[in-house]
Structure formats: structure tokens, C-alpha cells
Amino acid sequence: MNKQILKKITSNQLFIPLMALILLAVINLINDPGFFKVTVGTNNAGNPVLSGYLITILDYGSELAILAIGMTLVTAASGGQDISVGATIAIAGSAMLRVLCGGNSRPETIQAPIIVAFLVACIVGMLCGAFNGMLVAIFKIQPMIATLILFTAGRSIAAWINNNELPIVPDPKFAYFGGFIPGIPVPTTVFIVIACIIVIAIVLKLTNLGLYTQAVGINENSSRLNGINPTFIKFLTFVILGLCVAVAALIKVSRLSTINYSVIAKDIEMDAILAVALGGNALSGGKFNMWASILGAYVIQFLTTTLYKFNVQSDALAAYKAVVVILLVIFSAPTVRDYMAKLAKQLPMARKEAA
Amino acid sequence: MKKIKENTSIFNKMSDTNLLLTITIVIFFLMYIGAVLFQGGGFTKPQMFFNILNANAALIITACGMSIVMISGGIDISVGGVVALVSMCCAVYLDYHDGSILGSILIALGIGLAYGLVQGFLVAYLDIQPFIVSLAGMFFARGMTTIVNTAPFNVEDPEFNALKLTRINVPGLGSVNKKGIYVPAYVEIGVIVALLLVVLLFLVLRYTRLGRNLYAVGGNKQSALMLGINVKRTKFLSHLICSLLAGIGGYVYFLHVGSGAASHAMGMEMNAIASSIIGGTMLTGGVGNIIGTLFGVLSLSTIQNIVASAGLDQAWWTGITIAAMLCIFLLIQSIVMSQKKKALKI
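Listed in order, the protein sequences are those of chains A and B.
Residue numbering for the first sequence is 235 to 589, as defined by the numbering used here.
Residue numbering for the second sequence is -7 to 338, as defined by the numbering used here.
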């Protein structure tokens, strides 16, 4: 009976990310007992804000959590990942700045309402997603290769949109999205993530999107024979990811009120894939658990913050994360799992023999 | 049977490899002749062609490795990172540890070999998707490069610089410069290494058992297994060869630029994949040719030079043209393959 409960807990998809979260928390608590302390301070504008490592993780993990939503759907439907998300964030962000600043690098006021700029960014993001989706769904190119095109060209296109200038948004209101709204001590990004989660929860609850993507990911042919259009579903997941990218771009650009084409959202594709993998979702497609992915995203941000705390340079972060990815995929590989299961079976038998 | 014969066109008579190879070679010559006719200038001089070779010797080597992995049905996007890691390690070894040339070559080969062993094992024996493995490999290599040394620097070792500046004149070719002095065309050592490797790999793919196994595994894993081919070992070897070539390519790159920096060879994996695809290697595996890859690299760099000399020399045009070219060739492949499938089904 006891064993059954244990098995139920360990086989839950949320088990791995939760364990990783607890492990990281313990490491940090040992290193610094005051790690989880949250204090109320005032920021440059004189508004009360919450600060502390926990708030940092929640704040900076937002983009990743939003991307993880789209990436989970793409992974589930097409069995591959979109590696162009970082580059498309640069494109969408650049388009947003272009609309806001009207091609002027140092405008006095914003040239268009923020909502218009955001909508343009959404359209641009969805177009990029549609381009990837077209290559994957209609021309049947492997997702990672198809997205490699935008991965290379993306930052160049982003620089081209603004003529390689770095416009600065003059309106302080624009900085609210990636910072704090005056009077509210919680980072705005947290609310944006909550809004995204509510939207995707409603979509998954009310529509067949979740069921259809899983069906397409598990077996494309049989889902087609059952009346699902796999081409459309794959295309749709990429467009949804494009929308997520646009929201992430809003946050990223808003944090600095400007953009750096070669650095913005660098290596974020790796983190997004890692979040999906950490959530226990098969990278080869099929069943998915959205909440595990989102939790995975925050675990990744937790890891990043921890590494920074241990004085790891930002450029060297990638090496440590790569080790984590490799370990994760090794332990989730079917061959290794079978071997471990065999080993676990053999152990009690060997003990009996010895007795 | 009869119906298939009726449907035979030039398309179907040629094998996949030859069809895609022919397209590439024709496009390369058209492009180069077009550049000579319409842009003139540097393109009329033979040295222009050899400069393309000099600048891209490392790319030729890594692209050959990429083609081999792609023929066996895999992919390796860690090559750019490996090139950067190799140049940084060799640079640090030569300047800070007073190392010898031979030692640095061994370091380059060692890094390549280590990468090949680990990635090959993970892909072939643990059945992990090659893309994930090499994506992690790429980030690991880039991160390690900054851990080894953060700031970029030039190597000052005199022996190494002598080797770097060694020029081999091409007999019978050259041009008269502005002062009226005849300057023979030259290539660097890396080009000789690259061309030798191209010939060697061409022969290996064509005439050895390993080469034929690579095609068989990439074409259809299941039937290769039925034929008694050791699929896992073949996959393992393909990754081993690719990473080893990335190590060699890294040294050739290092020999060309003579410095170590974390930003070296940014996006080289992309160029290598693009060259292979333009050269007629199919992403789905089983189809490809090393000679095609050589022409793929040449086409890619020629188009870059055309873009640069056409006045569009802003950095972003290079990225956009490569991506556009890759996109076009991917679509051609996709269309050619679906046409062939249709023709076979009738």
C-alpha cells in the first residue's frame, strides 16, 4: 500500500520539477539562510516595491514561463522544438520600437499608443510563427531545421527593421510592463504571466486544442484518419508560440525601454526547451502537461539566479545549463530507464541470494 | 511496372544525389560567371577565388563532417562551438603555457575526439535526439570557451605566426597589380588540408564499407538493420567523424585568424548545415555527396562576396542572404522529394 502511494507520487509529472525546486531551495538555504527574505524597499521613482531573490525569480522567470506555454504546444504537436524564439523576440521587439519611436532613434514623445505597438508586435510574432509553421506543417521540414532559418536571420532582420539604431522609448509608462506600476509593489510581469496562464487554461478547458495537439503528436496518421487536420494543428501551435513570443518581447523591451539586437533574449531558446523537458514532457511529442512546463520555467530561473549567486559569469552560464540538460535527457532516455528498472529488479533478488 | 517506365523523365532517371549535385554545381557556375560579367572588379582576378578558399577552409572541413552526420540521418549543431573552443584552448596553450605547435594540434584533435565520443555515445547508444544533444554541446562549448578565457586575444607565438603566414603559390595563376608587378595567386595551408580531407572523405563515402553503411543507415534504418549493418555503431562513428573534423576545422580556423575569442565562428554550424543542404545533402538522410558540400560552401561564400561588393555590406545582409538561400534550397528539396514520391506511387 505504501509502495503504491510512493509510486503515484513519483510518477506524477510535477514530481521532477518540484524535486528540483526543493533541491535548489535547500542548496540556497544552506548557502545563505536569508535567501527567501522578501523586503519592501523603494525604487528610483520612489514607489514601494518588493525585493528579494524570490521576487527576482518570479519577475525574471516571466518571459520563460510565457514561452514555455507555446513551446509545450509546439513540442507536443510536432515532436520538435522552435529554436528561433530568441531571434523572433528580437524581431517583435524591434517592430514594437519602430512603431513607438516612428523610425526616430531619440523621439521626444511616443509616436503611437503602446497598445498599437503591442498589436503590431503580436502580428509580427504570429507572422514569424506562421513562417515556421508553414515550413514544418506544409513542407514537412524537421522543426529544428526549419526554425534554424529564423534563428540565423532573426537578429539581422531585427537590426534591419530599425536601421541598426537603438531607439529609446521616452514614455515612462512603457517601462511599467517590465517593471512596477506605481503603487503596486508586485512586479507587473507576475500579473502578465497570471493573465497568460488564465487564458491558456480557459483555451485548454473550452476547446479541443489540448486533445488535438496530443493526438497529432502521438500519431499523425491515425489522428488524420479520425478527422483531425494535423497540418492545421501544427501550424496553429507555431502561431500560438508566435503570440507568446510577442508578449515575452513586450516584457523584454520594456525592461530596458530599448533593445540590443545581439544580446536580447540570448540563449532563451535553450531555457525554454529545458523548461519543457524539466516538466517531464517528452521532447519527441505526444502527451504534455502545461503546468509542469510553467513550473519548469521557474525552476530554470531559480537555477540561473542560484548560479549568479555563486558568482558564475553570465557567458559561462550556458555551460552549466548544458550539463543539466544532458543529465536530464540521459535520465529520461528510454534505454537508460529500462536499464535502471532492470537494475532495481535485480537488487532485491541479489540480496535474497546473498541471504 | 509499365506505368513507372512511362513516367520516367530526366528527374527520375538521375539518382537523388546526382540531381541535387548537378543543381548545385550549375548554380555555382552561373553565380560566379554572373559576378565576373556584371560586377567585374575583384571577381576577374584568380586570387578572389582563392581568397574564398582561404577564408572558408575551416568551413569546408566542418561542413564535410556535417554532411556525413546528415547522410547517416543525424545532425550536429555543436561544430561552431567546438571551433571556438579549439581556437581558444590552442591560443591559451600557445601563449600562456608556452606550448608547441604539435601540442596545440593534439589539443585540437583531443577536443574533437572527446566531443565525438560523448555525443556519439549519447545519440547512438542512448537513443537521444541528436539535435538536443548537440544543442547542449553547442552551449557547453560556448560556455567553456569563456571559462577558459574571457577576453579575446591574438597569439604572439613566433613559430605559430610563421606557420599562419605561410603561403603556397598556385602555379600558372596570378595577376598584375596596380604597380605592374606580377603577383602569383596563393593559398594557405588550411586549404591544402581541407582539399585533402575532401578527397579522402569522398573516397571513404564511395568505396569503403563504412561509407556505404552511412548511406544505408540514413536511407532506412530498419532495412539497414535487416541487412545486418550495425546501425548503432555506424551512427556513433558518424558523430565521431563529424566532431573530429570540427576539431581539425577548429585548428584550421585558428590558423587563419590567429586569435582566440568566445565569439569566434558564431553561427558556423548554420553555415555548415546550409552548405551541406545547398550541396545536395538531404536532411532526411541517405542522400548526399562531399563534392556537393564543397560546392555548397563555394556557392555560399560567393553569394556573400557578391552581396558585400554590391554595397550591401551592412552586417545583417549576410545573415539574411544565407537564411534566404537555405530556405530556398530546403523548399527545392521538399518539392523534389514529394514529386518523386508521387511519380513512384502512380
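Fair warning: there could be bad hints in the mix.
To be verified - Capping the alpha-carbon separation at 30 Å, the derived lysine-lysine pairs in BS3-like fashion look like this:
{"hint": "1", "chain 1": "B", "residue 1": "Lys37", "chain 2": "A", "residue 2": "Lys374"}
{"hint": "2", "chain 1": "B", "residue 1": "Lys37", "chain 2": "B", "residue 2": "Lys156"}
{"hint": "3", "chain 1": "B", "residue 1": "Lys156", "chain 2": "A", "residue 2": "Lys374"}
{"hint": "4", "chain 1": "B", "residue 1": "Lys37", "chain 2": "A", "residue 2": "Lys521"}
{"hint": "5", "chain 1": "A", "residue 1": "Lys579", "chain 2": "B", "residue 2": "Lys332"}
{"hint": "6", "chain 1": "A", "residue 1": "Lys241", "chain 2": "A", "residue 2": "Lys271"}
{"hint": "7", "chain 1": "B", "residue 1": "Lys213", "chain 2": "A", "residue 2": "Lys576"}
{"hint": "8", "chain 1": "B", "residue 1": "Lys224", "chain 2": "A", "residue 2": "Lys576"}
{"hint": "9", "chain 1": "A", "residue 1": "Lys579", "chain 2": "B", "residue 2": "Lys333"}
{"hint": "10", "chain 1": "B", "residue 1": "Lys156", "chain 2": "B", "residue 2": "Lys224"}
{"hint": "11", "chain 1": "A", "residue 1": "Lys576", "chain 2": "B", "residue 2": "Lys332"}
{"hint": "12", "chain 1": "A", "residue 1": "Lys579", "chain 2": "A", "residue 2": "Lys242"}
{"hint": "13", "chain 1": "A", "residue 1": "Lys576", "chain 2": "A", "residue 2": "Lys242"}
{"hint": "14", "chain 1": "A", "residue 1": "Lys374", "chain 2": "A", "residue 2": "Lys241"}
{"hint": "15", "chain 1": "A", "residue 1": "Lys241", "chain 2": "A", "residue 2": "Lys500"}
{"hint": "16", "chain 1": "B", "residue 1": "Lys332", "chain 2": "A", "residue 2": "Lys521"}
{"hint": "17", "chain 1": "A", "residue 1": "Lys374", "chain 2": "B", "residue 2": "Lys171"}
Unchecked claim - Coverage of chain B stretches by chain A, computed from C-beta distances (three or more under 8 Å per stretch; other residues unrestricted):
{"hint": "18", "region": "117 to 124"}
{"hint": "19", "region": "137 to 147"}
{"hint": "20", "region": "210 to 219"}
{"hint": "21", "region": "284 to 296"}
Unchecked claim - Here are a few chain A residues that sit away from chain B, every Cβ distance over 10 Å (derived from the structure):
{"hint": "22", "residue": "Ile243"}
{"hint": "23", "residue": "Ile317"}
{"hint": "24", "residue": "Leu369"}
{"hint": "25", "residue": "Ile379"}
{"hint": "26", "residue": "Thr386"}
{"hint": "27", "residue": "Gly444"}
{"hint": "28", "residue": "Lys521"}
{"hint": "29", "residue": "Pro568"}
These are calculated hints, taken from the structure and not from any lab test.
Where a beta carbon is used, it is the ideal one built from N, C-alpha and C, also for glycine.
Hint check results:
With a C-alpha separation of about 42 Å, the suggested pair B/Lys37 and A/Lys374 falls outside the 30 Å cut-off, and the hint is violated. This hinted pair checks out: B/Lys37 and B/Lys156 have alpha carbons roughly 23 Å apart, not beyond 30 Å. Our distance criterion of 30 Å between C-alpha atoms is broken by B/Lys156 and A/Lys374, whose separation comes to about 45 Å. Distance restraint check for B/Lys37 and A/Lys521: the Cα-Cα separation of roughly 59 Å exceeds the 30 Å cut-off, and the hinted pair is therefore not satisfied.
With a C-alpha separation of about 50 Å, the suggested pair A/Lys579 and B/Lys332 falls outside the 30 Å cut-off, and the hint is violated. Distance check on the hinted pair: A/Lys241 and A/Lys271 sit about 34 Å apart at the alpha-carbon level, beyond 30 Å; violated. Only pairs whose Cα atoms come within 30 Å are accepted, and B/Lys213 paired with A/Lys576 is accepted, the gap being roughly 27 Å. In summary, the hint linking B/Lys224 to A/Lys576 is supported, as the alpha carbons are separated by about 21 Å, within the 30 Å threshold.
Among the hinted pairs, A/Lys579 with B/Lys333 is inconsistent with the structure: their alpha-carbon atoms are about 48 Å apart, more than 30 Å. Simply put, B/Lys156 and B/Lys224 have alpha-carbon atoms about 39 Å apart, too far for the 30 Å limit, and the pair is violated. Proposed proximity of A/Lys576 and B/Lys332 is contradicted: the alpha carbons are some 46 Å apart, above 30 Å. For a cut-off of 30 Å, the pair hint linking A/Lys579 to A/Lys242 stands: about 18 Å separates their Cα positions.
Restraint check: the Cα-Cα separation between A/Lys576 and A/Lys242 comes to about 20 Å, which is no more than 30 Å; the hinted pair holds. Restraint check for A/Lys374 and A/Lys241: the C-alpha separation of about 39 Å exceeds 30 Å, so the hint is violated. For a cut-off of 30 Å, the pair hint linking A/Lys241 to A/Lys500 is broken: about 39 Å separates their Cα positions. Among the hinted pairs, B/Lys332 with A/Lys521 is inconsistent with the structure: their alpha-carbon atoms are about 34 Å apart, more than 30 Å.
Proximity of A/Lys374 to B/Lys171 is assessed by CA-CA distance (about 56 Å); at most 30 Å being required, the pair is judged violated. Coverage of the region 117 to 124 of chain B by chain A holds in this model, with 7 residues showing a Cβ closer than 8 Å to a Cβ of that chain against a need of three. Against chain A, the region 137 to 147 of chain B contributes 3 residues with a C-beta closer than 8 Å to a partner C-beta. That satisfies the three-residue criterion, and the hint holds. Residue count for the region 210 to 219 of chain B with a Cβ under 8 Å from a Cβ of chain A: 0. That is fewer than the three needed, and the coverage hint is violated.
With a cut-off of 8 Å between beta carbons, the region 284 to 296 of chain B has 0 residues touching chain A; three or more are needed, and the interface restraint is violated. Every Cβ of chain B is farther than 10 Å from the Cβ of A/Ile243; the closest lies at roughly 26 Å, confirming the non-interface assignment. The beta carbon of A/Ile317 is not kept farther than 10 Å from every beta carbon of chain B, the shortest such distance being approximately 7 Å. Not every CB of chain B is more than 10 Å from the CB of A/Leu369 (nearest about 7 Å), against its label as outside the interface.
Listed as a non-interface residue, A/Ile379 fails to keep its Cβ farther than 10 Å from every Cβ of chain B; the least gap is roughly 6 Å. Once the 10 Å rule is applied to beta carbons, A/Thr386 is inconsistent with being away from chain B; the minimum gap is 5 Å. Once the 10 Å rule is applied to beta carbons, A/Gly444 is consistent with being away from chain B; the minimum gap is 23 Å. With a closest Cβ-Cβ approach of about 17 Å to chain B, A/Lys521 is found to remain outside the 10 Å limit, as its non-interface label requires.
Not every CB of chain B lies more than 10 Å from the CB of A/Pro568, the least distance being 6 Å, so the non-interface label is violated.
Hints 1, 3, 4, 5, 6, 9, 10, 11, 14, 15, 16, 17, 20, 21, 23, 24, 25, 26 and 29 from the earlier list are contradicted by this structure; the remaining hints agree with it.
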